[in-house]
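**Student:** Just so you know, we're using the working numbering here: the sequence shown kicks off at -9 and counts up by one.
Don't read these hints as lab results, they were simulated from the structure.
Warning: the hint list may mix true and false statements.
Each computed SDA-like pair below joins lysine to any residue, with the alpha-carbon atoms no more than 25 Å apart [as the list claims (entries may be wrong)]: (1) K174 to R217; (2) K174 to G253; (3) K221 to F256; (4) K117 to H135; (5) K(-6) to D10; (6) K(-6) to A80; (7) K117 to W59; (8) K117 to R211; (9) K177 to D98; (10) K177 to F92; (11) K221 to G253; (12) K(-6) to L77; (13) K117 to A73; (14) K23 to S60; (15) K139 to P83; (16) K139 to K58; (17) K(-6) to Y108; (18) K153 to F121; (19) K245 to K139; (20) K119 to L140; (21) K153 to A80; (22) K125 to P83; (23) K58 to P83; (24) K174 to W59; (25) K245 to T169; (26) K125 to T195; (27) K58 to G21; (28) K177 to R(-8); (29) K139 to K153.
So the derived label-pair ranges between C-beta atoms look like this [to be verified]: (30) Y89 to C236: 25 to 35 Å; (31) V190 to E105: 35 to 45 Å; (32) F84 to N232: 36 to 46 Å; (33) D151 to G91: 16 to 26 Å.
Idealized CB from N, CA, C, for every residue including glycine.
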Amino acid sequence: MRIKLLGTGAADGIPAIYSDSEVSHYARLHGGKDLRSRSAALVDGHLQLDLPPDTFFQLAREGIDARKWSAILFTHSHDDHFAPTELQYALYPFNPYEYAGFAVFGNDEIIRRIEALYPDWPFELFKTKSFEPFKFAGYTITPIHAHHKLDEDSHNLIIEDGKRVLLYGTDTGIWFEETWDFLKGIKLDALVIECTEGFVPTAYTGHLDITDCLGVVARLREQGTLRPSSKVVTTHHSHNGNATHCQLEETLRPKGIEPGYDGMEFSF
């Protein structure tokens, strides 16, 4: 399995649009891995994970053709993950196509909002629910319940291709016990996990700071969900976390965690 991180920033990206925070200022000066667009990923070149408002830029930067997508898998309806107005460009009159070349998977709120925007448009829409696996294009995909946006069934995604297992979790919070219990029966080959709040924890429970991230990874290792050889990569970094990419490397690499960055690609 191969995953490319198209974006690794949180809601307002890095440098943040309206901010001159320390991390935003540093990113404007230095660029490189400190520039973070809104979080999204691509699995095996055709499973698109979330559709943020930066999608056009991400695809142009990476030379990716969205016509190769077989599916878009949405995690939840926050604006930095769900930009439904971008879907219209897949079809006539913007293109000569009568049908999009991809299916769309998402929770009740995602599907409701797409149907409201595009009544009678020929999108293939499929509702997903936490802990209910489904099969698509040779994969088994299982949404699990994230501790995030609690007014809907927010998902993290387990993706299996018959050989390897990935858990993609951009907005996890500290999982509910039902999620921890479910994960006891899973063996992961790779984990992509948020580290949104960096060195600056907040009272908000829907995201992880570095201490929380380390704790989640440690518990996954202790319960056997993560193997010693499993690859762990971070994503969804906020400028308010006061952590540059280099500082994240210094803190996380000794713990066996690799800070993600826009354009990062790895196979496992």
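**Student:** If a hint holds in the structure, say so; if it does not, say that too.
**Tutor:** Checked hints:
1. K174 to R217: holds (12 Å)
2. K174 to G253: Given pair K174, G253 is violated - Cα atoms ~31 Å apart, limit 25 Å.
3. K221 to F256: Holds: K221 and F256 sit about 9 Å apart, inside 25 Å.
4. K117 to H135: With a Cα-Cα distance of about 14 Å, the restraint between K117 and H135 holds, given a limit of 25 Å.
5. K(-6) to D10: violated (29 Å)
6. K(-6) to A80: holds (22 Å)
7. K117 to W59: Given pair K117, W59 holds - Cα atoms ~18 Å apart, limit 25 Å.
8. K117 to R211: Between K117 and R211 the Cα gap is close to 31 Å, so the pair fails against 25 Å, i.e. violated.
9. K177 to D98: violated (28 Å)
10. K177 to F92: violated (29 Å)
11. K221 to G253: holds (17 Å)
12. K(-6) to L77: Holds - the C-alpha atoms of L77 and K(-6) are around 21 Å apart, at most 25 Å.
13. K117 to A73: holds (17 Å)
14. K23 to S60: Not OK: K23 and S60 at ~29 Å, beyond 25 Å, violated.
15. K139 to P83: Outside the cut-off at roughly 34 Å; violated.
16. K139 to K58: violated (30 Å)
17. K(-6) to Y108: Violated, at roughly 29 Å.
18. K153 to F121: Satisfied, since the Cα-Cα distance of roughly 20 Å is no more than 25 Å.
19. K245 to K139: violated (29 Å)
20. K119 to L140: Cα-Cα ~14 Å, so holds.
21. K153 to A80: Roughly 32 Å between the alpha carbons, so the hint for K153 and A80 is violated.
22. K125 to P83: violated (32 Å)
23. K58 to P83: holds (20 Å)
24. K174 to W59: With Cα atoms ~31 Å apart, K174 and W59 exceed 25 Å; violated.
25. K245 to T169: At roughly 23 Å apart (the allowed maximum being 25 Å), T169 and K245 satisfy the hint.
26. K125 to T195: violated (31 Å)
27. K58 to G21: At roughly 29 Å apart (the allowed maximum being 25 Å), G21 and K58 break the hint.
28. K177 to R(-8): Holds, because 17 Å separates the two Cα atoms, which is no more than 25 Å.
29. K139 to K153: With Cα atoms ~32 Å apart, K139 and K153 exceed 25 Å; violated.
30. Y89 to C236: 25 to 35 Å: violated (46 Å)
31. V190 to E105: 35 to 45 Å: holds (39 Å)
32. F84 to N232: 36 to 46 Å: holds (41 Å)
33. D151 to G91: 16 to 26 Å: The hinted range 16 to 26 Å holds for D151 and G91, with Cβ atoms some 21 Å apart.
Checked against the numbered hints above, the structure violates hints 2, 5, 8, 9, 10, 14, 15, 16, 17, 19, 21, 22, 24, 26, 27, 29, 30; every other hint is satisfied.
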